[in-house]
Amino acid sequence: MNEAVAYREMIQGASDAIASRVAEVPADKLHARPGDGLNPVGWNYWHALRVWDLDLNWLIKGQDTAEDAWHRGNFSEKSGYNPDGIGLRGTGIGLGYSDEEVDALNVISADVLKEYHEMLLAETMAYLDGADDAEIRREFPGLAGRGDTSVAVRLQHLVTHTWGHIGELSYAKGMLGMTDGTYPGQS
Amino acid sequence: MDEAAVYLQQIRTMSDFLVKQIDEVPADKFHERPGPHLNTVGWNVFHLLRIWDLDLNWIARGQSPQEDAWHRGGFSEKAAYEPLGKGGRELGLGFGYTDADVDELAMPADVLKEYHQMLLGETAGYLESADAAELHREIEREGQQTETPAARIQHTIGHCWNHIGEMRYAKGMLGMSDPSYPGR
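Residue numbers (the numbering used here), protein chains in the order written: chain A, 1 to 187; chain B, 1 to 184.
The set of hints was computed from the structure by calculation and includes no laboratory data.
Just to be clear, a hint being listed does not mean it is correct.
No more than 30 angstroms apart at the CA atoms, straight line, and that leaves these computed lysine-lysine pairs for BS3-like [what the hints assert, rightly or not]: (1) B:Lys171 - B:Lys113; (2) B:Lys171 - B:Lys78; (3) A:Lys29 - A:Lys78; (4) B:Lys78 - A:Lys114; (5) A:Lys61 - A:Lys29; (6) A:Lys29 - B:Lys171.
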């Protein structure tokens, strides 16, 4: 098994998990705050997908931010939300958002997020289909001031970052009444 | 890089991050509830390590629950806590716990960090000697689908990060937030 196959399995696993956890959330709870200053399920899903886009398209494929899946897929128009210029360094990926900026994501429907997710998954699998071990080990400059990175490092980050936000949105779901067997007294 | 090395690299990266996340939590916050019926940072650490033990020792290596790292390492004595008999199917993994069961997990972070180091060492030892045939060995489990060690290692990585995410949400509620929190 080459490395690309291992990453393919792990990305598919994280992708399936986040899709199923979000699918359990009713539309009126997707952007509900579990408490003051806390991120909703929808923010976590959107942020996980934006960072997936960053890892795959901005970094691994070296695309301009205006060429990423969000923009090529016309998701600003489909969702009614344009992330350009928002948050940390204006990157529009969910980091460094104010409370008002988190609430501005309310216009994005679950169906639009699902379509964005499916586009990212398809692009990732197509990329991995053509990636040999030399490509997976390829090094390139990382984000500003962070030194060199590699395709393998970004793929690992894609997997782990997605799982981390699966955890965060699961905690948020629990606070909104959608618990699972890990919640005290909910077995 | 072979498949086992890919998994070990990810386990080490996750482990470094986990330790950093634990170290940021003061002792008096480690088992504090962020709200009624919400799991603590400490519960999340305990649970992810117990599932790691299950994946590696119960399933991949075929050990009994009494032979896992928790028990071989004497952690019931070190933590003054015996997990077997608690929770769902009395497996002591953190699933199906009552609020009282969660509150009973008062062990110090250092004991859990020692348990983590033991699991990390055992995982590294296993992966350093595991070839492709071992990683894809089929494991029959009564009443459940066939597993492979590779699938369980992948589960360990995903499950650990899932609960690192949960503990970060809990940490944020306890005042330890990061740039993903609104207004921080």
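Now the hints, each set against the structure:
Proposed proximity of B:Lys171 and B:Lys113 is supported: the alpha carbons are some 18 angstroms apart, at most 30 angstroms. Restraint check: the Cα-Cα separation between B:Lys171 and B:Lys78 comes to about 25 angstroms, which is no more than 30 angstroms; the hinted pair holds. For the hint pairing A:Lys29 with A:Lys78, the CA-to-CA distance comes to about 20 angstroms; that is within 30 angstroms, so the pair holds. With a C-alpha separation of about 47 angstroms, the suggested pair B:Lys78 and A:Lys114 falls outside the 30 angstroms cut-off, and the hint is violated.
Between A:Lys61 and A:Lys29 the CA atoms are separated by roughly 35 angstroms; this puts the pair beyond 30 angstroms, and the hint is violated. Between A:Lys29 and B:Lys171 the CA atoms are separated by roughly 23 angstroms; this keeps the pair inside 30 angstroms, and the hint holds.
Hints 4, 5 from the earlier list are contradicted by this structure; the remaining hints agree with it.
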